[in-house]
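So the sequences go chain by chain: E and P.
Counting from 1, position 13 in the first sequence corresponds to residue 1024 in the working numbering; the numbering is continuous, with no gaps.
Counting from 1, position 29 in the second sequence corresponds to residue 37 in the working numbering; the numbering is continuous, with no gaps.
Wrong hints could be hidden among the right ones.
[Claimed, not checked] Distance condition first, Cα-Cα at most 27 Å in a straight line; then the derived DSSO-like pairs of lysine-lysine:
1) Lys1145/E / Lys87/P
2) Lys34/P / Lys1145/E
3) Lys34/P / Lys1138/E
4) Lys1138/E / Lys31/P
5) Lys31/P / Lys1096/E
6) Lys1145/E / Lys1157/E
7) Lys34/P / Lys1157/E
8) Lys1157/E / Lys86/P
9) Lys31/P / Lys1145/E
10) Lys63/P / Lys1157/E
11) Lys37/P / Lys1157/E
12) Lys1157/E / Lys31/P
13) Lys63/P / Lys1033/E
[Unchecked claim] Here are a few chain E residues that sit away from chain P, every Cβ distance over 12 Å (derived from the structure):
14) Asp1013
15) Ala1027
16) Ala1036
17) Val1051
18) Leu1057
19) Leu1064
20) Leu1066
21) Thr1068
22) Ala1070
23) Tyr1084
24) Asp1087
25) Lys1096
26) Ala1113
27) Lys1138
28) Arg1143
29) Pro1147
[Unchecked claim] Residues from chain E shown here face chain P by an in silico Cβ test under 8 Å; the list is partial:
30) Ile1065
31) Ser1072
32) Leu1089
33) Lys1145
34) Pro1150
35) Val1155
36) Glu1158
I should point out that these hints are in silico values taken from the structure, not numbers from a laboratory.
The C-beta atom is built at its ideal place from N, Cα and C for all residues, glycine as well.
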Amino acid sequence: MDPELKRYIDQQVDEAVARRFKELADRAGLQEGPRRIALVASKGTLDMAYPPLILATTAGSLGWEVGVFFTFYGLDILHRERMGKLKIGPVGNPAMPPPIQALPWLKVPNLVGALPGMTAVATAMMKQWIARAKLPTIPELLEVAKEFNVLLFA
Amino acid sequence: MEGVKADLVVNCEGELCPGPVIKVAKAIKTVQIGQVLELRATDPGSVADIPAWTKQTGNEMVARREANGVFIFYVRRKK
């Protein structure tokens, strides 16, 4: 193909594509206002309460418009009494870290994890880890979310 | 770099994600436009997070350095 012609075609295509993209963006209302994000919190365990709130507060700190939709067990995250008492169970979670750091091969078998009181033990361990890592607690994260005007839907 | 003077120092040493980003976002609102914030963090994630935050929020990264495992960022409020 004649290089001159090829350049002409490339230029025409680029312009047409850019024009089309702008049209579509305009129609979708993408060019105005802050970026937005919608999150779903549907789990009420201690570990699963963190991801939506961490994403929400980080997006909020970037100036994004954030909405979190709480549903099913995720509603416990907003419950005044339950939000501070979320738990994690050791059963059915193969990723659960070993209880004694010096003995990394000593995993808790599901059967042992099912004994009475083991949920409390796992929860206490995770809370210790959270405190050591200086991670915010769930009620603290919710406070931060409110400060960034995160919309909470329940 | 040594000449940068901070109007406010925010210490996030020992804190993990999302601590530093949240703290800088909150603290930036307490200084005047044009003033400089010094953020001290030990979270290695902050090396990527803080520059990304300044870029997205339109604030200015004046300088950054590392001393004894502490990452220090100087951020100027632009708006």
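So, going through the hints one by one against the coordinates:
Restraint check for Lys1145/E and Lys87/P: the C-alpha separation of about 30 Å exceeds 27 Å, so the hint is violated. For the hint pairing Lys34/P with Lys1145/E, the CA-to-CA distance comes to about 18 Å; that is within 27 Å, so the pair holds. Restraint check: the Cα-Cα separation between Lys34/P and Lys1138/E comes to about 25 Å, which is no more than 27 Å; the hinted pair holds. As the CA atoms of Lys1138/E and Lys31/P are separated by approximately 22 Å, the hinted pair is consistent with the 27 Å bound.
Taking the CA atoms of Lys31/P and Lys1096/E, the gap is near 25 Å; set against the 27 Å cutoff, the hint holds. With a CA separation close to 20 Å, the supplied pair Lys1145/E and Lys1157/E stays within the 27 Å bound. Note on Lys34/P and Lys1157/E: the hinted pairing holds, with a Cα-Cα distance of about 12 Å set against a maximum of 27 Å. A C-alpha spacing of about 24 Å is found between Lys1157/E and Lys86/P, which places the hinted pair at or below 27 Å, so the restraint holds.
A distance of roughly 13 Å separates the Cα atoms of Lys31/P and Lys1145/E; the hinted pair therefore holds under the 27 Å criterion. The suggested pairing of Lys63/P with Lys1157/E holds, with an alpha-carbon distance near 23 Å, which does not exceed 27 Å. The straight-line distance between the Cα atoms of Lys37/P and Lys1157/E is roughly 15 Å, inside the 27 Å bound, and the hint therefore holds. At most 27 Å may separate the alpha-carbon atoms for a hinted pair to count; Lys1157/E and Lys31/P meet this at roughly 14 Å.
Simply put, Lys63/P and Lys1033/E have alpha-carbon atoms about 23 Å apart, close enough for the 27 Å limit, and the pair holds. Taking the minimum C-beta to C-beta distance to chain P, about 43 Å, the non-interface status of Asp1013/E holds against the 12 Å cut. Residue-level check passed: Ala1027/E sits 31 Å from the nearest beta carbon of chain P, beyond 12 Å. Ala1036/E, annotated as away from the interface, keeps every beta carbon of chain P farther than 12 Å; the closest lies near 19 Å.
For Val1051/E, the requirement that its beta carbon stay farther than 12 Å from each beta carbon of chain P is met, with the minimum near 19 Å. Every CB of chain P lies more than 12 Å from the CB of Leu1057/E, the least distance being 16 Å, so the non-interface label holds. A cut-off of 12 Å between C-beta atoms contradicts the statement that Leu1064/E is not in contact with chain P; the least separation is 9 Å. Distance to chain P contradicts Leu1066/E as a non-interface residue, since its nearest Cβ pair spans about 9 Å, not more than 12 Å.
Distance check on Thr1068/E: its Cβ comes as close as 6 Å (rounded) to a Cβ of chain P, failing to clear the 12 Å threshold; non-interface status is violated. For Ala1070/E, the condition that its CB be more than 12 Å from all CB atoms of chain P is violated, with the nearest at approximately 10 Å. Under the 12 Å C-beta cut-off, the non-interface status given to Tyr1084/E relative to chain P holds; the minimum distance is some 23 Å. The beta carbon of Asp1087/E sits about 22 Å from the closest Cβ of chain P, which is more than 12 Å, so the claim that it is off the interface holds.
At the 12 Å boundary, the C-beta of Lys1096/E stays outside the reach of chain P, the nearest C-beta of that chain being 23 Å off. Remark: the non-interface label on Ala1113/E is consistent with the geometry, its nearest Cβ contact in chain P lying 22 Å away (cut-off 12 Å). No beta-carbon of chain P comes within 12 Å of the beta-carbon of Lys1138/E; the shortest separation is about 15 Å. The claim that Arg1143/E is not at the interface with chain P is violated, since a C-beta of that chain comes within 12 Å of its own (minimum 9 Å).
For Pro1147/E, the condition that its CB be more than 12 Å from all CB atoms of chain P is violated, with the nearest at approximately 7 Å. For Ile1065/E, the interface hint holds, since its Cβ comes within 8 Å of a Cβ in chain P; the closest pair sits about 5 Å apart. The restraint placing Ser1072/E at the interface with chain P holds, with a minimum CB-CB distance near 3 Å, inside the 8 Å limit. Contact between Leu1089/E and chain P, as hinted, is not supported at the beta carbon level, the nearest pair being about 20 Å apart and thus beyond 8 Å.
Interface restraint check for Lys1145/E: the shortest CB-CB distance to chain P comes to about 5 Å, inside 8 Å, so the restraint holds. Residue-level restraint check for Pro1150/E is violated (minimum Cβ-Cβ distance to chain P is 15 Å; threshold 8 Å). Hint status for Val1155/E: holds, given a least beta-carbon distance of 6 Å to chain P, under 8 Å. Against a cut-off of 8 Å between C-beta atoms, the interface hint on Glu1158/E holds, since the closest Cβ of chain P lies about 7 Å away.
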